[in-house]
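Peer 1: Next come the chains, spelled out residue by residue.
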Amino acid sequence: MSDLSMDQTARDVRRRNFEKTLFTLFIGAVLLGAMVVSWEWPVRASIIVLVLGSIGIALAAVQLISDLKSMAPGSARSEALSLEAPALESGNRWANVEIWSWIIGFLVLIQLMGFLYAIPLFVFLYVKVYGGGWLLSVVLAVCAGGFVYVIFDMVLHVPWPNPLIPLFKMT
Amino acid sequence: MLQAALDGLLGVLALHSLGLMCVGVLIGSMVGFLPGIGGPTTLAIMLPFVMTMNDPMAVIALLVGIDAVGNTASAFPSILISVPGSSGSQATIIDGFAMAKRGEAARALSASFTASLIGGLIGPIILLASLPFLRPLVLAFGSPEFFVLTIWGLAMVGVLSGNAPVKGLLAGIIGVLIATVGLDVKSGIERFAFGEPYLWEGISLILVALGLFGVPECIDLARRKSSIAERQELGSGFTQGIKDVFLHWWLTVRSSAVGAWVGFLPGLGSSVADWFAYAQAIQTEKNAHLFGKGDVRGVIAPEAANNSKEAGSYIPTLAFGIPGGTSTALILTAFVAVGINPGPEMLTTGLSFTFAVIWTLVLANIVAVFICMAFAKPIAKACFVPFYTIVPLILVFVVVGGFSAHFSNTDLLVLVAFSALGFMMRRHGWPRAPLLLGVVLGAKMELYLWLSYTRFGFEWLSRPGVIILFLLVLVSVLYPLRRQKRAGAAA
Numbered sequence: 001m002s003d004l005s006m007d008q009t010a011r012d013v014r015r016r017n018f019e020k021t022l023f024t025l026f027i028g029a030v031l032l033g034a035m036v037v038s039w040e041w042p043v044r045a046s047i048i049v050l051v052l053g054s055i056g057i058a059l060a061a062v063q064l065i066s067d068l069k070s071m072a073p074g075s076a077r078s079e080a081l082s083l084e085a086p087a088l089e090s091g092n093r094w095a096n097v098e099i100w101s102w103i104i105g106f107l108v109l110i111q112l113m114g115f116l117y118a119i120p121l122f123v124f125l126y127v128k129v130y131g132g133g134w135l136l137s138v139v140l141a142v143c144a145g146g147f148v149y150v151i152f153d154m155v156l157h158v159p160w161p162n163p164l165i166p167l168f169k170m171t
Numbered sequence: 001m002l003q004a005a006l007d008g009l010l011g012v013l014a015l016h017s018l019g020l021m022c023v024g025v026l027i028g029s030m031v032g033f034l035p036g037i038g039g040p041t042t043l044a045i046m047l048p049f050v051m052t053m054n055d056p057m058a059v060i061a062l063l064v065g066i067d068a069v070g071n072t073a074s075a076f077p078s079i080l081i082s083v084p085g086s087s088g089s090q091a092t093i094i095d096g097f098a099m100a101k102r103g104e105a106a107r108a109l110s111a112s113f114t115a116s117l118i119g120g121l122i123g124p125i126i127l128l129a130s131l132p133f134l135r136p137l138v139l140a141f142g143s144p145e146f147f148v149l150t151i152w153g154l155a156m157v158g159v160l161s162g163n164a165p166v167k168g169l170l171a172g173i174i175g176v177l178i179a180t181v182g183l184d185v186k187s188g189i190e191r192f193a194f195g196e197p198y199l200w201e202g203i204s205l206i207l208v209a210l211g212l213f214g215v216p217e218c219i220d221l222a223r224r225k226s227s228i229a230e231r232q233e234l235g236s237g238f239t240q241g242i243k244d245v246f247l248h249w250w251l252t253v254r255s256s257a258v259g260a261w262v263g264f265l266p267g268l269g270s271s272v273a274d275w276f277a278y279a280q281a282i283q284t285e286k287n288a289h290l291f292g293k294g295d296v297r298g299v300i301a302p303e304a305a306n307n308s309k310e311a312g313s314y315i316p317t318l319a320f321g322i323p324g325g326t327s328t329a330l331i332l333t334a335f336v337a338v339g340i341n342p343g344p345e346m347l348t349t350g351l352s353f354t355f356a357v358i359w360t361l362v363l364a365n366i367v368a369v370f371i372c373m374a375f376a377k378p379i380a381k382a383c384f385v386p387f388y389t390i391v392p393l394i395l396v397f398v399v400v401g402g403f404s405a406h407f408s409n410t411d412l413l414v415l416v417a418f419s420a421l422g423f424m425m426r427r428h429g430w431p432r433a434p435l436l437l438g439v440v441l442g443a444k445m446e447l448y449l450w451l452s453y454t455r456f457g458f459e460w461l462s463r464p465g466v467i468i469l470f471l472l473v474l475v476s477v478l479y480p481l482r483r484q485k486r487a488g489a490a491a
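Chains as they are written, first to last, in our numbering: chain A, 1 to 171; chain B, 1 to 491.
Same shape as in the complex, but just chain A:
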């Protein structure tokens, strides 16, 4: 491995450890905030928050110490392996930005056009952009839109919110 890529890997590990510590801090802050807010409540409402919250803060402190130790230079500790699902790889940050942009874009599209227009458009664009043929893109878009229309609109009568663009408002 070249010095440059080793340097890059070390930077990635440092950044990852820093993010990990911040996340633990966030969890600790949430627990602390919950305890502070519930302090004034009657016992019936606050008992579970206070009992579990105090245990949680102690555990968050333990986890924070462990995270800080792993941030120390020369630490050999590897990230714990998860049996549930492996932790996402840290590399290729743009891949995260890319998929989150699609998700947020889809939600914006829903606000602008409403569900029934946004769904086929989103499916079509996603399939087409990543290499699907015209036929496949159209078929999947029609299937997804058709399924949602039949099940949610015709059968379940879901009250869709009005889109921001009046042109797409369903009559």
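No wet-lab data here; the hints were simulated from the structure.
Backbone N, C-alpha and C fix where the C-beta goes; we use that ideal spot for every residue, glycine too.
Take these hints with a grain of salt, some might be off.
What the hints assert, rightly or not - Residues on chain B that point at chain A, a partial pick, calculated with CB under 8 angstroms:
1. Phe192
2. Phe291
3. Glu446
Let chain A serve as the given structure and place chain B on it in line with the hints.
Peer 2: Relative to the frame of chain A, chain B by itself:
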């Protein structure tokens, strides 16, 4: 009991329920052979649909049908492309893929399906056999014991589900706190709602489940942009694979028992059941050096275990109302929504529902194995579906399902918030199952704690059952913590 067994069978065999079970089996099988979509994701997507249903038998048939068979069809990608279709088929890859490379994919697949069928039948038998023992135990429990049991379930899932015990426990606690959001009807206090009417009803479990599991799995699938380069032909030996299972019948029975036991213990789940079964096969079978080189026994053991595990996980779920993992937590939520109350009731007045679960497990496994065997060739081709056809469809179902929680735009914001939380948890190795379990168990835990306190004061802490259960909690928490500390020191 016989009457309840008959009622359960008739309920499942009713045309409506039977049809829904077949739909469930089809969905569960599809989820299995398409790598990247997990059983919990599918169940989370199904929650908004089933909560509108009025027939509890139909809900049992659909959801248990989905849950029971996910591990059967997941052998396809494990054996053909060395990618586990579900977390329960990881060990199958070792010998299954080696057999496929040798041109024995058909043999490996048929052995896998037959072992799955037998595991799927032995599991419900174990569940059935446990009922006479569970009944007096559950009926002897009061609110203090149930409170400690909920703590034990949460602690077990917390410390065992992610090999990161502290993070798991913290996730469980956060889950319980999320469950407290909303108006507390007993005290009239608005908890963590901050004057926002949307939060008065609490946070919908549908949004938590979809956000924690649906979106992060989708993100993972989209990030990998996986394309499968090498295709495996099915080859020959389909009948030989079936014979292999009967030739190694004792291994199949043992592995099924291991799977059911792992399922019974909250927190372990499929991903451990197959490895446990694989390990016991290596330790107990002759010519162990052949394992890992394409030995059919390496397929039989994990596949029998991962199917019987499902039935085992219903034992604590139905008897104590404590789900053993993510899938059973979601199923439990749906059960409660349609009027089935897991806990002591399931062993008394609701015994027919318990039998309906057992019958569905049996029937769903038979149907799934029939589908997998009959349509092996087309299903094998479907394993190669590119990511861009799956990702947008899952996202659509996740978003529409999330919106169905309250039919409000705020649902979508909450969905994004939990998706971000799920993504960060996944990114930093925090187990998500305990958080979901905390949300599911939170209300119950609080109720049991309050009932124990108001009825017994602090004396409930000295009840023998409570002391024994608290000791169990301590052992469950401290042993993995100590093990992790030792592992850390060794590293």
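Peer 1: For each hint, tell me whether it holds in the structure or not.
Peer 2: Okay, the hints, checked on the actual structure:
{"no.": "1", "hint": "Phe192", "in the structure": "7 angstroms, holds"}
{"no.": "2", "hint": "Phe291", "in the structure": "21 angstroms, violated"}
{"no.": "3", "hint": "Glu446", "in the structure": "4 angstroms, holds"}
Checked against the numbered hints above, the structure violates only hint 2.
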